[in-house]
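**Q** Chains as they are written, first to last, in the numbering used here: chain A, 14 to 298; chain B, 10 to 312.
Treat the hints as calculated values from the structure; they're not laboratory data.
Among the clues, some could well be false.
[Said to hold, decoys possible] Just some of the chain A residues that point at chain B, by a computed CB distance under 10 Å:
1) G31
2) A35
3) T129
4) A287
[To be verified] Restricting the straight-line Cα-Cα distance to at most 20 Å, the calculated cross-link-like pairs of lysine to aspartate or glutamate (DMTMM-like) are:
5) B:K162 - A:E264
6) A:K57 - B:D98
7) B:K162 - B:E134
[Stated by the list, open to error] Facing chain B, a subset of chain A residues (Cβ under 7 Å, in silico):
8) Y22
9) Y25
10) T36
11) A38
12) I94
13) A97
14) H117
15) V119
16) P121
17) L122
18) Y123
19) S125
20) R126
21) R201
22) R202
C-beta: ideal position from N, C-alpha, C; glycine also.
Read off the chains here:
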Amino acid sequence: MSEIYDIGYRHYDGPRLGRAHATLALAVHSLRGVFGLGRPARSKLTPFSLAAIMLLPAIVNVATMALIQQRVVQYSGYAVIMQAVVAIFLASQAPTLVAPDLRHRVLPLYLSRPVTIASYVGAKVAAMTTAVFALVAVPLTVMYLGELVVDLPGPPATGEFFGSVVMALALALLLSAFGLALASFTPRRGLGVASVITVYLLSFASIPLVYGALASTGHDDAASWAWLLNPFWLVDSVQSWLFGTPPHSIEGGYPSGPASAVFLVALVGLGLGALMLRYRKAAAR
Amino acid sequence: MHILATEGLTKRFPTVTAVDQLTVTVGSGVTGLVGANGAGKSTLIKMLLGLLPPTGGRASVLGLDATSRGAEIRRLVGYMPEHECLPPDVSATELVVHLARMSGLPRTAARERAADVLRHVGLAEERYRPVGGYSTGMKQRVKLAQALVHDPKLIFLDEPTNGLDPRGRDEMLTLVRRIGTEFGISVLVTSHLLGELERICDHVIVIDGGRLLRSSSIGEFTQATQTVTVEVDEGLDELAARLAAGGQAVSPQGRMLVVKVLGPETYDAVRDAAADLGLCLIRLEQNRHRIEDVFRDEVGAHV
Numbered sequence: 014m015s016e017i018y019d020i021g022y023r024h025y026d027g028p029r030l031g032r033a034h035a036t037l038a039l040a041v042h043s044l045r046g047v048f049g050l051g052r053p054a055r056s057k058l059t060p061f062s063l064a065a066i067m068l069l070p071a072i073v074n075v076a077t078m079a080l081i082q083q084r085v086v087q088y089s090g091y092a093v094i095m096q097a098v099v100a101i102f103l104a105s106q107a108p109t110l111v112a113p114d115l116r117h118r119v120l121p122l123y124l125s126r127p128v129t130i131a132s133y134v135g136a137k138v139a140a141m142t143t144a145v146f147a148l149v150a151v152p153l154t155v156m157y158l159g160e161l162v163v164d165l166p167g168p169p170a171t172g173e174f175f176g177s178v179v180m181a182l183a184l185a186l187l188l189s190a191f192g193l194a195l196a197s198f199t200p201r202r203g204l205g206v207a208s209v210i211t212v213y214l215l216s217f218a219s220i221p222l223v224y225g226a227l228a229s230t231g232h233d234d235a236a237s238w239a240w241l242l243n244p245f246w247l248v249d250s251v252q253s254w255l256f257g258t259p260p261h262s263i264e265g266g267y268p269s270g271p272a273s274a275v276f277l278v279a280l281v282g283l284g285l286g287a288l289m290l291r292y293r294k295a296a297a298r
Numbered sequence: 010m011h012i013l014a015t016e017g018l019t020k021r022f023p024t025v026t027a028v029d030q031l032t033v034t035v036g037s038g039v040t041g042l043v044g045a046n047g048a049g050k051s052t053l054i055k056m057l058l059g060l061l062p063p064t065g066g067r068a069s070v071l072g073l074d075a076t077s078r079g080a081e082i083r084r085l086v087g088y089m090p091e092h093e094c095l096p097p098d099v100s101a102t103e104l105v106v107h108l109a110r111m112s113g114l115p116r117t118a119a120r121e122r123a124a125d126v127l128r129h130v131g132l133a134e135e136r137y138r139p140v141g142g143y144s145t146g147m148k149q150r151v152k153l154a155q156a157l158v159h160d161p162k163l164i165f166l167d168e169p170t171n172g173l174d175p176r177g178r179d180e181m182l183t184l185v186r187r188i189g190t191e192f193g194i195s196v197l198v199t200s201h202l203l204g205e206l207e208r209i210c211d212h213v214i215v216i217d218g219g220r221l222l223r224s225s226s227i228g229e230f231t232q233a234t235q236t237v238t239v240e241v242d243e244g245l246d247e248l249a250a251r252l253a254a255g256g257q258a259v260s261p262q263g264r265m266l267v268v269k270v271l272g273p274e275t276y277d278a279v280r281d282a283a284a285d286l287g288l289c290l291i292r293l294e295q296n297r298h299r300i301e302d303v304f305r306d307e308v309g310a311h312v
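With the rest of the complex left out, here is chain A:
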């Protein structure tokens, strides 16, 4: 017979890792949270169905390449075409990353540890960026691998593929910074979802209005700036400048590339700044 002994309280004298370790652990934990890993099945439903929808056109594209030797979708235009799915993913998952900690006031438990506000926000942004990046880059990679296997006539579009992957990262960072900032302003998840999707719809719906108004009054040059109101076309505009890809706007071209790039960087900065301010205020409570 074995006996259970109460050995009493044991002290811990093992390694204590630094803030970088904690931040990385938080980022991985948050990334798992975005996809509902380690959570009940219903938390996985939304992210994985959206990821599956994102993959469908890529698979269809590979099939058409194999059957009729033709590309249906271009790498550079994938994010623009699939923007509604990406936006829904952002709106539904960004609040799950920030709302519970704010709503249930978990933040003090982090901040009383080596975790700082900057590392907390950094980990959350990194997790969301990785998730959105994976959402866009996985279908692109599937398409590219398909293209290599199918072996279309002519050289593979390797440059365009890598360009679109780089821009997927830029897009993911922009969307995450803004999506998390918007979601963090309300501790309620539902309101967070609604506010992110509303801002996206406004950015989408305002384009024809602004574009139409300017084009009809003869300001065609100014009208092209309207595309930059939407994050997907903004990133596409930078892509078209950096990698020489054709614009995927519905009508007309983009304004000058460098200006779009500056605008993109400024918006990312704005989103991150708003997020930091929000958490500074939450921490002072």
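Assemble chain B onto chain A, guided by the hints.
**A** Chain B only, in chain A's frame:
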């Protein structure tokens, strides 16, 4: 050795001074921080954690300056907040493991430590269930576990008995005492209920309106104010008069007399007086005066 010390520590908010010129030192063991709601206890803890910059003065914890070396302090101390701070949809184990990793513990060590501390705070099988379904007492235990999981040198417990029923309160206090003695972790525990700290603390600091009222060991608190309660069947007034004539400090309290203990001779005086008057002595009970009374006296003296 001092585990924490403040010197002229002050925190002013736009509308209120939460901590006012507080100079105090705390040694190892269990220290109680007593004050009414709004006395500045939580503000003081936040400053000691280096999360809130003081308006004036200095504070050091474990020999580290709270303003400049807050990050190092937060590595070595644990903090249990006063308010609810647990996400309801994760289990206690998951949460405590995660927070252990946030304190810098590697994954396997975090798991082991979490299992250990959850056992020490008395959470058994329920630790695998989501926290949302826990009773207040269980939630308080989880909050305590997350503060202990990284084996801190010092732990700040902000109102750990808040919202608990009498039994839960007793269990929590016993646990806090064990942390200070058996676990060898110094404790700073706050409460607005003064009586409960007297049972578990080695040292008590009383603050009011952000100012220090008193800081002394528990022995001094209780020794200074010993009284004895005397109850007799009848003839209370005669006994009171007899004792007062004999130079004792007597005050009637309902059907009993409270006599201040001046020395061992006080007990003899009570015995002799009762015997001489032929009274039937029902009760002779030593009261250790409660901290409340000291607190009341001192506040009274300040007004």
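**Q** Does each hint fit the structure? Answer for all of them.
**A** Results for each hint:
1. With a cut of 10 Å, the hint placing G31 of chain A at the interface with chain B holds, because the nearest CB-to-CB distance is about 6 Å.
2. For the restraint placing A35 of chain A at the interface with chain B, the shortest Cβ-Cβ distance is roughly 5 Å, inside the 10 Å limit, so the hint holds.
3. Taken as an interface hint, T129 of chain A checks out: its beta carbon lies about 7 Å from the nearest beta carbon of chain B, inside 10 Å.
4. Evaluation of the A287 of chain A hint against chain B yields a violated restraint, the C-beta minimum of about 22 Å exceeding 10 Å.
5. Straight-line distance between C-alpha atoms of K162 of chain B and E264 of chain A comes to about 66 Å, which puts the hinted pair past the 20 Å bound.
6. Of the pairs offered as hints, the one joining K57 of chain A and D98 of chain B holds, with about 15 Å between alpha carbons and a cut-off of 20 Å not exceeded.
7. Between K162 of chain B and E134 of chain B the alpha-carbon distance is near 28 Å, which puts this suggested pair outside the 20 Å criterion.
8. The interface hint given for Y22 of chain A is met, as the beta carbon of that residue sits about 4 Å from the closest beta carbon of chain B, less than 7 Å.
9. Interface restraint check: Y25 of chain A against chain B, minimum CB-CB distance 4 Å, threshold 7 Å, status holds.
10. A least Cβ separation of about 9 Å between T36 of chain A and chain B goes past the 7 Å threshold, and the interface hint is therefore violated.
11. Residue-level restraint check for A38 of chain A holds (minimum Cβ-Cβ distance to chain B is 4 Å; threshold 7 Å).
12. For I94 of chain A, the interface hint is violated, since its Cβ never comes within 7 Å of a Cβ in chain B; the closest pair sits about 35 Å apart.
13. At its closest, the beta carbon of A97 of chain A sits 29 Å from a beta carbon of chain B; the interface hint therefore is violated under the 7 Å criterion.
14. Hint status for H117 of chain A relative to chain B: holds, with the closest Cβ pair at about 5 Å, below 7 Å.
15. Checking V119 of chain A against chain B: minimum C-beta separation of about 6 Å stays under 7 Å; hint holds.
16. Interface hint status for P121 of chain A: upheld, as the beta-carbon distance to the closest one in chain B is roughly 5 Å, under 7 Å.
17. A hinted interface residue such as L122 of chain A counts as satisfied when its beta carbon comes closer than 7 Å to some beta carbon of chain B; here the least separation is about 6 Å, so the hint holds.
18. About 6 Å separates the beta-carbon of Y123 of chain A from the nearest beta-carbon of chain B, less than 7 Å, and the hint is met.
19. Interface hint status for S125 of chain A: upheld, as the beta-carbon distance to the closest one in chain B is roughly 4 Å, under 7 Å.
20. For the restraint placing R126 of chain A at the interface with chain B, the shortest Cβ-Cβ distance is roughly 5 Å, inside the 7 Å limit, so the hint holds.
21. A distance limit of 7 Å between C-beta atoms decides the matter here; for R201 of chain A the minimum to chain B is near 14 Å, and the interface restraint is violated.
22. With its C-beta approaching chain B no nearer than about 11 Å, R202 of chain A sits outside the 7 Å limit, and its interface hint is violated.
Hint compliance for this structure: hints 4, 5, 7, 10, 12, 13, 21, 22 are broken, all remaining hints hold.
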